[in-house]
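Participant: Make a model of the complete structure from these sequences and hints.
The listed protein sequences correspond, in order, to chains A and B.
In terms of the numbering used here, the first sequence opens at residue 1 and continues consecutively.
In terms of the numbering used here, the second sequence opens at residue 1 and continues consecutively.
These aren't lab readings, by the way, just hints derived from the structure by calculation.
Be aware that a few hints might be false.
Which copy is meant is left open, because identical chains are indistinguishable; a pair holds if it fits in one copy or across any two.
[Stated by the list, open to error] Simulated crosslink set (EDC-like; lysine to aspartate or glutamate; CA at most 20 angstroms straight-line):
1) K176 - E116
2) K176 - E93
3) K94 - D68
4) K114 - D185
5) K56 - D87
6) K49 - E93
As a plain string of letters, each chain reads:
There are 2 protein chains.
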Amino acid sequence: MNIRMLMGLSCAVSVCAMGLWLAKSPQALAQEKTGAKTWVEFTADGKVKQPVGYRKWVFLGSPVTPNDMNGGEAPFPEFHNTYMDPDSFAHVEKTGGYRDGTVLVKELVAVGSKEESSGKGYFQGEFSGLEISVKDSKRFPNEPGNWAYFSFGHKYPLKPETAKNGAASCNSCHEKNATKFVFSDLYPVLNDVLQKAKK
Amino acid sequence: MNIRMLMGLSCAVSVCAMGLWLAKSPQALAQEKTGAKTWVEFTADGKVKQPVGYRKWVFLGSPVTPNDMNGGEAPFPEFHNTYMDPDSFAHVEKTGGYRDGTVLVKELVAVGSKEESSGKGYFQGEFSGLEISVKDSKRFPNEPGNWAYFSFGHKYPLKPETAKNGAASCNSCHEKNATKFVFSDLYPVLNDVLQKAKK
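Facilitator: So, in C-alpha cells, the structure goes:
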C-alpha cells in the first residue's frame, strides 16, 4: 500500500466520518421504534412532544381567520403560519407526494393591529397557539390517510406534549375538504412545488 | 512520518477540502467586490438580480393588506410573506442587530378566497410580486441606515433584475415608521429573537 492509496483510503474514511457526524447533528432525524423517520419526537405512551426549531422549517403559507370576521371567536384564531419539515418538503418537490413521517406545523398568531403605514388590513401580533399533523402509516394505520392531528393549545402556556385528537375533530374535515388531507390550495409555496412536480 | 501521522494529515486535508466544497455549494455566499457578503447577486451596473431559493430562507411573518380594505388597490397587494436570509437571521439571534449584507424579501401574494372550511378570512392565492431590501454600508453609504429597496414588480412576469428605488419611495417610510428601518413589530418570528437577544 503506497502513500497515494493510504491517503485515498484515509480521505474516504474521514468523508464517511464527516457524513456520520452530519447525520448526528442537532437537525438529524429521530428514528422512532414503531414509526417512520420524522422531525418530531413521541413519548413511550404515544404522545408527541412540541416540535423544535420549526420556525426554520419551510414556510408554506399563512391564512388569517380573524376573530372579528367569525363572530368574535374563530375556530383557529387567527393567523395560521404553516410549515413543513425540510426532508418532507424535499420529498414533495421530488415526487409530488407526502412521505411517511411528514410533519406539518400550524402556528397560531393573534392579530396585533388592523392599520399600519402600509394600509388597512390584518397584522400579526403575539404567538397564541400550536398544532401539528403527522403522517405515518405504521404509527397511525387506522387514521384516514394515516394522518394524525395534535394540538398543544390555543393559548400560552402551551402543553409540552399532547395526545392525538379524535379523528372526528380534525381528520373528518381534512378528509372532506382538503386535497389528499392537506389544504395545499391555501399554501402557495406548497402548491407551487406540487404543480411543478406534476410536470 | 509514520502511517498514523500520514492519516492524520490526510484527514485534515480532506476535512479542509470538504470545507471548501461546502463553501462553494449553491447556497454559498456571494462575495461582492464592493459590498458585504450577501445572498443576492448584483450586476456590474448596480442592479440586483432576483433572489434565488428565498422560500427556504427564514420566514418572519405575513401581514395582509387586502385590496377590499384599501379602496380597491392596496399599496402592497395583498399578503406580504417576508423572509430573511439564514446567515443574517443567525446574526440577529446572536447580536440583536442587522449585519451588513442582510437581505429581506417581501413576496406579495394575492388573496385567493375569503371563506374556507376553517372560517371567514383572507386566504393566500397566487404569487403576484416581489420586493427586497438590502443593508450594506459599503454599497449604500448614502442611504439612511444603509438600506436600499428594490422592486421586481407587483405582477407577473417579474423583472429578472432591477435598480434600487429612490430613497423617497421606500426609505422615508421605513425611517419614519419602522424600528431601525425594519418593521420588526409586524414580524413575530423576528420580534421573538430580537426580544431574546436583548436578555
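Participant: With reference to the structure, classify each hint as holding or not holding.
Facilitator: To see whether the hints hold, each was checked on the structure:
no.	hint	verdict
1	K176 - E116	between (37 angstroms within a copy, 12 angstroms between copies)
2	K176 - E93	neither (25 angstroms within a copy, 41 angstroms between copies)
3	K94 - D68	neither (40 angstroms within a copy, 38 angstroms between copies)
4	K114 - D185	between (26 angstroms within a copy, 13 angstroms between copies)
5	K56 - D87	both (12 angstroms within a copy, 12 angstroms between copies)
6	K49 - E93	neither (27 angstroms within a copy, 24 angstroms between copies)
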